[in-house]
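Colleague: Given the structure of chain U, go ahead and fit chain D onto it with the hints provided.
Protein chains in written order, with my numbering: chain U, 798 to 1275; chain D, 4 to 371.
Honestly, the hints are just simulated from the structure, not real lab data.
A virtual CB, placed ideally from N, CA and C, is assigned to each residue, including glycine.
Check the hints yourself; a few may be wrong.
What the hints assert, rightly or not - Stretch-level coverage of chain D by chain U, calculated; a stretch enters the list once three of its residues show a Cβ under 8 Å from a Cβ in chain U:
id, region
1, 120-127
2, 161-167
3, 259-271
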Amino acid sequence: MIKRIPVTVLTGFLGAGKTTLVNRILGEQHGRRIAVIENEFGEVGVDQALVIGAEEEIFETSNGCLCCTVRGDLIRILAQLRKRRERFDAVLIETTGLADPGPVAQTFFVEEELREHYALDAIVTLVDALHLPQQLGHVPVVLEQIAFADVILLNKIDLVSSAIAARLTQQLHAINGTARIVPTEAAQLPLEQVLDLGAFDLERALARDSAFLEPPRPFEWAGIYRLGSAPALLRIGDDDGHGHHDHDHHDQDHHDHDQAAHHEQAQGEGMPLAQVDVVLLPLPAAADVATPEAQGATLEALLERAAAVFDSDALNVDGEAPLQPQRRLRLPAARSRRLPLALAPGLWALFCEHAPAEFGLSLPGAELLYQRSFGSHHHDLAIGSIGLTESRPLDAQRVNDWLSKLLQSRGQDILRMKGVLQFKAEPRRYVFHGVHMTFDGRLERAWPEASARVSRLVFIGRNLDRSELERGLAGCIA
Amino acid sequence: MSAATGASAAGRLVTLGHLELPEYPVDAAWAPDGRSLVVGLADGCVTLVQLPPLTSPQVLPPAQALQASQVLRAHSQSVLAVAWQKAGRLWASSGQDGRVLLWDARVQQPQVVHEERQWSERLAFAERGSGLAVATGRTLRVFDEAGTLRYQHAGSAGAISALAWHPRAAELASAGNGGVLLHRIDLKRSTGGPEAAAPPARLLPLRAVCVCIAFHPEGRLLAAGLQEGSVQLWNLATGSDSRLDGFGARVLATEWSATGRYLAGAAGSELALWDFSGRTGGHAGPAALRLPAHSERITALGFRPGGNWFASAGVDRRLLWWRAGAGDAPQDAHLLADECSLLRFSRDGALLAVGDASGGLSIFECRP
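Isolated chain D (complex conformation):
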């Protein structure tokens, strides 16, 4: 679909390379250097992809066939999640075999930090520091760099469906049925055990199921996508909340732009954008701008770090590249081989990895 060349590449997603994986890519995480990533597959393997050096951004490289630099037999059953430290060489994986593994990029042998028959469905490394948060059913655990359990909270009302670290504070949000719990995490604290003397988690109660959560880049707001098709917004300083209604299906993703001005949400085939630059619109929040571009269920949504550009993709195989505030038409579009399974921006926002259900993994250069 896209035919970006030379100078016209502004506002485009430019295909850098493509890799055919042997299995469904479930999740992916970029290394902090933005030039390598780990991709967790449905056969339990994790593929390490190392990208060749980029040429000057002014010259478009030809799309190339990428190769997996390493295939790690990580789990005996499908991978559920992968995550990489924001800065550092540690990354983690969890699988349907019930294991959570902590990997050092220099060592091939992982450390098993947790194992039980219930799945650990969510992993998240802290924005600052090195804590690895693991959600297993109703239990939240945080491990330090050495793989030692440092925090445990088993009191969630329902299974934890989403995790998010506060961007500026040592605080971790876990969400599920009944609202969001905010946990104070202090890995330096030396205590008798992970549950001993931990400060009580703060509950943001809600008679609904939170499916996904996202902190505002400044950390003052928290957005949660709900099962019932709306987005809940909390002002963490004042405790006030508002509800952005209007989706007809479970909200799959909520994402803030790096500037904090825009919030995007996806539910079913609906995509909506809220502009928080002016008045917040009171309890009902600002009015949503509808982006009617997908014909089938959206499966992935993400804002590019550093700016107001974002990407969406879904079962309709369309990968769309949007500029928030530039109307309701996408700036660029690509057709994937199959429904989108994942969409991950590198930390510097230069590259975008997109996986599809047939095992394809494409790397795009993001040209705002």
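So that you can see chain U by itself, here it is in the shape it has in the complex:
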């Protein structure tokens, strides 16, 4: 079988840096032959690659669903391109800043001729870190572009503080749990992070971060610390007056002074958190922290306990009294603070409502042995991700019936869907992905003998109801 040519869809709101990225890709000596389909011609040389002008021509497909739209220009252009014997290594499609990438992706599901020769490899969305906070609330298409993405380039990262960058990363994760988020300056990044990623493969996405598959937790981050005999201290922000500290718990002497300028800007945007809840739990004396695996298991065993403490009333911390363990502590995070800890030397677990980088948390003198992020729980955005897992085998027909019914009724709201499923009496994995109501699935390689067979599904969309999806999946168990 002919290797299908990978197609990357590049999307991003006006000013996010798409043209810069395209020019950079074309200008780089990477030895790859790339066909670029642009809706507007940028300042690119034709000699460097085949640059094709296209007028985005979107129309509805015949299945009667308004959300099923395809790009007619792509059908024609890609059909012509594939005739050239001198094959391309990749195709890059740049969309207009005002469009969601749904129609482009759906074109590859719907058109048989394109499916024969091209494989939609990844949707890469550029976002402008400086303007994203405003855009998230006011520009729906930016949310959709993020929701559709397999890779999100958080561009112009040099223009915001690390605290804002961390918060934006959390927000992007909350919208789209499967996307890889890559911070960039002036859209500078290795080409390998944009082209030929195989990003539609859910397992590859999960290998990077599977936190969002878990039930929501009241904390976004947890770490295991080893405290020595010196009096312990919890620091918020940067007591040198340099604003938020970079997320570096290992090397407390290494300060990133470049962050100083960003702090004022962050304050100006009103982004820093006013307060943040944390919980400190002691680890049993016999806790195994010899290896990262053992550390992970040790932390895992504490998650339910931590969640229970987060469920209790918060204790406002104000003043010089030492912080108490096993309480939900509400820390002031608006300005730099040094808070004493009344903790015995040994192993401690710290659970934080937000990622430490968001409020510049550090424990001077303590050694961070292990850390882990959890699914974000921002509820203020209209679009989000829900991940489900099921270890029991599924019935293929029931899954088909469920997904068909779900897409018929919620196809407009479900922007992306990906999954790897375990069917009863089927040694191979069933892999699928979809955009709105269009859907592509097939049996792929066998489940590895040694690994646990777990079905995983991810939905990204508007107003998704986790319990509804969980019930639906439970109804598919064979």
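Modeller: Chain D only, in chain U's frame:
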């Protein structure tokens, strides 16, 4: 597959010759004499193929290895389309380099009649006269024999995906998203510019994407294959329309038989034939006869000029030779080396050129 010999060759496609081209043959156009053709390739070259004189039709010549009589470096990137005047020595090519070239068969140096970075995907010479229609995105242009722009229309709702000249009138149809536009083209008109005082184009509106169009040989009907898998039919005199439904995929081609009795359509691997000899069947049109012979996507379909025979070919490499009205089985079949890339009958209907994706070009003699 075919083993036509002697008198049994009736109802067959007889292989006359074969040529191995260096690249994918994208499009081909026969010269009016029916003995030479230009083939546009994916490397930007155009190959001129001159056929040896035919022997008496009663004696089958042995299939021979044909040779390109000329290879022209026409475009710096792949050819998109070629077209030859219905009568005359001018032919045209367009390429992915954005150029439209007008060639005189006697001169090797072409005239660049249009150039822009958007592709000119469709070319069509007028059935009568010498107008060359060029579709570039949403813009339609018509050039005269001297390569002068004589008509321009930039008001299409979507990109133009198909062109067809009226067989009997100076009218040109351009189709795309939103329907078909009918343009009155008068190259004799002397005006201040291509867009000045041009009569307004008549729109046949449609909430659908037209992929291909074909005028009935008498010009009274226009058939359009739609993206959504049906065929739209307009009666141009009355303005009434009907819809022939039933395809599951984008309609790649619609073709009328020379008699005007039959309309054939291809979409995906489905091939259908409609018989318009009796009642038209009202708004739903006549019932389709399904021809289930292709196992994979059909890529080319064409009626032989002068009669009710037609050919179809596709990704399954099968070239099938049909007689409309003779049931749902093909009369002859050939196996191509690769998926079919083009299928073109000579103007007199004597020969058929068939290209495949591996670069093969076969010439068949059509024996109805």
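Colleague: Work down the list of hints and note, for each, if the structure agrees.
Modeller: Structure-based check of all given hints:
| no. | hint | result |
| --- | --- | --- |
| 1 | 120-127 | holds (count 4) |
| 2 | 161-167 | holds (count 3) |
| 3 | 259-271 | violated (count 1) |
Of the hints listed earlier, the one the structure fails to meet is number 3.
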